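Trainee: Throw the hints in and build the complete structure from the sequences for me.
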Amino acid sequence: MQADWSNESIIKFLELYETEKVIWDPKHKNHKLKHKVHDSWKKISLSMDNISIEELKAKKKSLMATFRPLLKKKRASIKSGAGTDVYQPIWFAYEIMERFLGKNYEVEETINTEDEVS
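First residue of the sequence shown: 1, per the UniProt record's numbering; consecutive thereafter.
Don't read these hints as lab results, they were simulated from the structure. From a predicted model like this one, the values you see are computed outputs, not experimental measurements. Just so you know, not all the hints are guaranteed correct.
Unchecked claim - Label pairs and their in silico Cβ distance ranges:
#1 Lys32 <-> Lys61: 30 to 40 Å
#2 Lys79 <-> Ser47: 35 to 45 Å
#3 Ile78 <-> Phe100: 11 to 21 Å
Virtual Cβ for every residue (Gly too), placed ideally from N, Cα, C.
Mentor: Structure representation (structure tokens):
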């Protein structure tokens, strides 16, 4: 049975996900310990009326697929010197996700390989 993913349930999921740093923070000391990560997913599952871990992971993947391009677009507008014209995503889950996930996605600097050769 699939869960009803209303905006409210997605926000609840994201708030629970935020508390389980072992899952999403690559700098967490237990991030690479599969049993610790699984335990955290299980806690979220229990708090979300036993939605399966597989469904929770699929929802996370879907949310991240929306979040990453919005974050990239916002950071590109900041970097471009847009000043007061910085892009502000209006997607309901963006601010929550940026609050704790934004630091994990640093903007990559590009290297100009066409520098003049003297």
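Trainee: Hints first: check each against the structure and report whether it holds.
Mentor: Evaluation of the provided hints:
1. Lys32 <-> Lys61: 30 to 40 Å: violated (19 Å)
2. Lys79 <-> Ser47: 35 to 45 Å: Given about 38 Å between the Cβ atoms, the range holds.
3. Ile78 <-> Phe100: 11 to 21 Å: holds (19 Å)
In the structure shown, a violation is registered for the earlier hint numbered 1 alone.
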